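Which chain is which? The protein sequence lines are A and B, in order. Here my numbering is used: the first residue of the first sequence is 1, the next is one more, and so on. Here my numbering is used: the first residue of the second sequence is 323, the next is one more, and so on.
Watch out, some of these pointers could steer you wrong.
As the list claims (entries may be wrong) - Just a sample of chain A residues kept apart from chain B, beta carbon distances all over 12 Å, derived:
#	residue
1	A97
2	T105
3	L107
4	R134
5	L145
6	G154
7	V208
8	F218
9	A221
10	I264
11	K267
12	L289
13	L311
To be verified - Going by beta-carbon spacing under 10 Å, a handful of chain A positions derived as facing chain B:
#	residue
14	Q39
15	P71
16	T92
17	W95
18	S141
19	A142
20	A146
21	W153
22	P162
23	S164
24	L167
25	G171
26	S178
27	A186
28	F263
Said to hold, decoys possible - Covered stretches of chain B (in silico footprint by chain A; criterion: 3 or more residues with CB under 8 Å from a CB of chain A, positions within the stretch not fixed):
#	stretch
29	383-391
30	422-431
31	585-598
Source of the hints: derived by calculation from the structure; they are not laboratory data. Remember, predicted model here, so these are calculated numbers, not experimental data. Note that CB positions come from ideal geometry on N, CA and C, so glycine has one too.
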Amino acid sequence: MQVKAAARTAPPHRSPPERRIRPRRTPARRWTWTSRKAQGLAYAAPTAVFVTVFFVLPLLLVGQMSLSDWPLLTGDRGVNAPENYADAADSTLFWPAVRFTLLYTLLVTAVLLALALLLALLVQEFRPGAGFFRTVYFLPSALGLASASLLFWGLYSPTTGPLSGILESLGLVDDPVSFLGTSTSALLSTVFLIVWKFAGFYMLILLVGLQRIPHEVFEAARMDGASRGQIFRSITLPLLRPSLALCLLLCVTGSLLAFDQFFILTKGGPDNSTVTVVQLIYREAFQRLNLGTAAALSIIVLVVLLLLNVLQFRGLRRADES
Amino acid sequence: MGSTAGPLGHTRRLVTGAVALLAAASLVTACGSGEDDSGGGEGGGGAANATGTDDGAKLTMWTRAATRPQSEALVKAYNASHNNEIELTVVPTDDYQAKVGAAAGSKDLPDLFASDVVFVPNYTSSGLFADITGRVDALPFADKLAQSHIKAGTYEDKKYVVPHTLDLSVLFYNKELYKQARLDPEKPPISLSEWDQQARAVDALGKGVNGTFFGGNCGGCGVFTWWPSIWAAGDEVLNKEGTEAELSSDTAKKVYDTYRGWVDDDIVAPGARDETGTTWTGVFPKGKVGVMPMPSTTLGLMPKDLDLGVAPIPGPDGGKSTFVGGDAIGISATSKSADQAWNFLAWSLGDKAQVDVVAANKDVVARTDLASNKYSDADPRLVTINELVTDGHTPYALRFGQTFNDPNGPWLTLMRNAVFGDGSKIEKGNEAVTASLAD
Numbered sequence: 001m002q003v004k005a006a007a008r009t010a011p012p013h014r015s016p017p018e019r020r021i022r023p024r025r026t027p028a029r030r031w032t033w034t035s036r037k038a039q040g041l042a043y044a045a046p047t048a049v050f051v052t053v054f055f056v057l058p059l060l061l062v063g064q065m066s067l068s069d070w071p072l073l074t075g076d077r078g079v080n081a082p083e084n085y086a087d088a089a090d091s092t093l094f095w096p097a098v099r100f101t102l103l104y105t106l107l108v109t110a111v112l113l114a115l116a117l118l119l120a121l122l123v124q125e126f127r128p129g130a131g132f133f134r135t136v137y138f139l140p141s142a143l144g145l146a147s148a149s150l151l152f153w154g155l156y157s158p159t160t161g162p163l164s165g166i167l168e169s170l171g172l173v174d175d176p177v178s179f180l181g182t183s184t185s186a187l188l189s190t191v192f193l194i195v196w197k198f199a200g201f202y203m204l205i206l207l208v209g210l211q212r213i214p215h216e217v218f219e220a221a222r223m224d225g226a227s228r229g230q231i232f233r234s235i236t237l238p239l240l241r242p243s244l245a246l247c248l249l250l251c252v253t254g255s256l257l258a259f260d261q262f263f264i265l266t267k268g269g270p271d272n273s274t275v276t277v278v279q280l281i282y283r284e285a286f287q288r289l290n291l292g293t294a295a296a297l298s299i300i301v302l303v304v305l306l307l308l309n310v311l312q313f314r315g316l317r318r319a320d321e322s
Numbered sequence: 323m324g325s326t327a328g329p330l331g332h333t334r335r336l337v338t339g340a341v342a343l344l345a346a347a348s349l350v351t352a353c354g355s356g357e358d359d360s361g362g363g364e365g366g367g368g369a370a371n372a373t374g375t376d377d378g379a380k381l382t383m384w385t386r387a388a389t390r391p392q393s394e395a396l397v398k399a400y401n402a403s404h405n406n407e408i409e410l411t412v413v414p415t416d417d418y419q420a421k422v423g424a425a426a427g428s429k430d431l432p433d434l435f436a437s438d439v440v441f442v443p444n445y446t447s448s449g450l451f452a453d454i455t456g457r458v459d460a461l462p463f464a465d466k467l468a469q470s471h472i473k474a475g476t477y478e479d480k481k482y483v484v485p486h487t488l489d490l491s492v493l494f495y496n497k498e499l500y501k502q503a504r505l506d507p508e509k510p511p512i513s514l515s516e517w518d519q520q521a522r523a524v525d526a527l528g529k530g531v532n533g534t535f536f537g538g539n540c541g542g543c544g545v546f547t548w549w550p551s552i553w554a555a556g557d558e559v560l561n562k563e564g565t566e567a568e569l570s571s572d573t574a575k576k577v578y579d580t581y582r583g584w585v586d587d588d589i590v591a592p593g594a595r596d597e598t599g600t601t602w603t604g605v606f607p608k609g610k611v612g613v614m615p616m617p618s619t620t621l622g623l624m625p626k627d628l629d630l631g632v633a634p635i636p637g638p639d640g641g642k643s644t645f646v647g648g649d650a651i652g653i654s655a656t657s658k659s660a661d662q663a664w665n666f667l668a669w670s671l672g673d674k675a676q677v678d679v680v681a682a683n684k685d686v687v688a689r690t691d692l693a694s695n696k697y698s699d700a701d702p703r704l705v706t707i708n709e710l711v712t713d714g715h716t717p718y719a720l721r722f723g724q725t726f727n728d729p730n731g732p733w734l735t736l737m738r739n740a741v742f743g744d745g746s747k748i749e750k751g752n753e754a755v756t757a758s759l760a761d
C-alpha cells in the first residue's frame, strides 16, 4: 500500500515521452530521364541483353520443353504436361541418383571445407616458403575439371595406370587395386579427385577471409592469455563465417550439379552406383533421346537449387548482420 | 541490406515489358520449331542412278572415332581420284549419338553420316536418312552386299544405308603363349568349353600371363563378344521385331557361367571388372593374354612381332558365329547434294575401293563376293574373318542404344550380375531389358 501511496505522492522518474515518428509520406518521386540515368542504363544494357538472350530465353524454352513431348530426333511435339515430370520421378534411377548426389555433396563439402581451412591456416602467415605452398595448393585449380578427370582416370586405370603398380611395388597391396571397381571405391576415388582439384581454390577464398580479420584482435586475445584453440573457436571461426558461408554455397551448388568427373571416371558405374542427377538428365536427353523428360528433370533441379541458394543466402546475410 | 534497385518507373516497366515480349516471342518460335520435322528422306531424291554425280561438289561427312582409320582411308582415296571433295569429321564414339541427335534437331546434319550399325534402326525410323532404295537396287552387286547391314538399314521396305566399315567379333589367340602352354597353336578352340580349357592352360603359365580378358563394365563389348556364343548354338537373343529379350535362355546362362568361372578363378587379366570399353582392345597387343574375343578391325593395328591366330567365336558345345558390327552409312535426309553423296557411296562399294583400300588395310570387305581377294588370300586370317560375314548377325532393335550401349542401361546390369554377382537375377534382368526395348 505504501508503495502505492509513494507511487502516488512521488511520481516515478519518467523518461521523456517517446515521440512517435510517423513515417512521412514522401511524394512519389517521378522518374525523370537524366543523362546520369541514361548512362546507367547504357552500362547495364549489354549485360541485360546477354542475360536475356543466354539465360532468360533458354530458361523459358526449357520450361516449355518440360511441358511438351520433345524427342531429340524427330516426332510430334505435342503437350505432355504432367507426364514428363511424372516420368522423371518414375525412373528407376531417379531416387538412387538423388540419394547418391546428396551423399556425394555431403562428403565433398565436409572434406573439402575442412581441408581448405587447414591449408589456409597453414599458409596464412608470411613465412619462408608460404608463397610457394600457396601456389602449389592452388595449382590444380588451374586445370579444367574434364582434363583433371581424364588425368585421374589414367592414373586409376588398372590396365594402363601406374598407381596400382606403385602400390604393389611398395608392398602396400598384394593384388591390383580396382580404384573404380566397387561403389565405395568409385565414390572415394572421385571425392579424392575433387578435393585435390578444388581444395586450393577454396583455400584462396578462406585466406582472403582470414586476412580481413584485423591483426589486433588476435594480439588482444593473446594478451588476454587465450590459447590457440580458444582463439580459433572464439575469433577465427566467427569472423571467418562470411567466407565459410560463401565456400559452402559454391561447394554445395557445384556438388549438386556434379557431372564431368563421374561421366569420365565412372560413367555412373559400377552397377549404377554413382549416377548423379545431372547424369540422369544427360542420359534422358542423349541416350533415351527424350528432351521433354530431361527438361522436366532440369526444372526440378533448378527449383531445388534455387530454394537451397535462397536458404543459404539468408544464412549468409544473418551471419553478416550478426 | 538495402535494395539497389530504384523505384519502378516508366522506363523499367518498358524494359520489363520488352523482356516479356521477347520471352513470348521465344515461346512462339519454340512452338513453331516443331513444324516440318518429319524428315521424310527427300534428300535422296532424284532418279535412281548407279554412279551418282562427280561434278566437284564439296560434301561433308561424319564418322565415329571407333572406325576412323577405315573411313579416313576411303575418303582419302576418293578425294584423290574424284572431282567431288569430302570433308570428313571424326566424332568421339561416346558423343556420336548426342551429336547426331542435336544436329538432326537443328537440321544441321552433314551430307553423309556413318553410324554404328546398331543405332541405324533408330535413325531410319526417325527419318534422318534419305531413301536410297532405287540407288542400292541398281548396283550390279546389290545382293552381294553384307545383308545384315542392309537389313538393319531397311525400314518399312525402304533401304536407307549401305555397309561402310565392317567390324566382326572374332577370337584372337597368342600362338607364342599357346606353344609355351603346350597347346597346338594351329588348333584354336572350337567350343566354349575348349576355349575355357585353353584359357586356363595359358593362365597356368603365371608370370603376369592371363588366360583371357573382356570388358566387364561395357555393355557394347558384352553384346559384341558374348552374343555370338549364343547365336553359334542356334539360339536368338532378341525377337524379330527387337522388342523382347531372350537373354535368360539355357544357352545364355551357360555362356555367363563360363565367364563367371574365369572371374572366380582369376583367369581374367586385371581390370576386366572396371573396363568400360576404352582400353579393352589395348590388353591383347601387350602379349600377355592367351585368347580373347576382339574386333576384327584391330587386326591391322596389331604389333608386327605378335604371332597371333584368328578363329570364329564358338558356342558352348560348338558352332560358330560373329557379331557383324561396324558402321553403315547413308545420305542425310536434308542433304542438297544427294547425287554427289551417292557417287561416293557407290564408289566405296566398288571392286577397286573394296580390294585396294579396305582389303589392303586388312579390314573386312563389305561384299561377300570379294571375301577372297589378292590381299586376303595372302593372309588366311583375313579369309577366316571375311567368310564369317555370312554366319554373322546384326541385332535389330529401335531402342538398342538405350538398352545395350547405355552404361546405365539394363543390359549392363544383367551382364555384371551374371558374371561378377551370383547370377541369381538373370530372369529379372531379362525382364528389365525387354521393358527397355519396348519403352
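Hints, one by one, checked against the model:
| no. | hint | verdict |
| --- | --- | --- |
| 1 | A97 | 9 Å, violated |
| 2 | T105 | 20 Å, holds |
| 3 | L107 | 21 Å, holds |
| 4 | R134 | 32 Å, holds |
| 5 | L145 | 17 Å, holds |
| 6 | G154 | 10 Å, violated |
| 7 | V208 | 20 Å, holds |
| 8 | F218 | 28 Å, holds |
| 9 | A221 | 29 Å, holds |
| 10 | I264 | 10 Å, violated |
| 11 | K267 | 4 Å, violated |
| 12 | L289 | 6 Å, violated |
| 13 | L311 | 16 Å, holds |
| 14 | Q39 | 13 Å, violated |
| 15 | P71 | 8 Å, holds |
| 16 | T92 | 8 Å, holds |
| 17 | W95 | 14 Å, violated |
| 18 | S141 | 26 Å, violated |
| 19 | A142 | 25 Å, violated |
| 20 | A146 | 12 Å, violated |
| 21 | W153 | 8 Å, holds |
| 22 | P162 | 13 Å, violated |
| 23 | S164 | 8 Å, holds |
| 24 | L167 | 13 Å, violated |
| 25 | G171 | 17 Å, violated |
| 26 | S178 | 6 Å, holds |
| 27 | A186 | 9 Å, holds |
| 28 | F263 | 9 Å, holds |
| 29 | 383-391 | violated (count 0) |
| 30 | 422-431 | holds (count 4) |
| 31 | 585-598 | holds (count 7) |
Going down the numbered hints, you'll see the structure goes against 1, 6, 10, 11, 12, 14, 17, 18, 19, 20, 22, 24, 25, 29, while the others check out.
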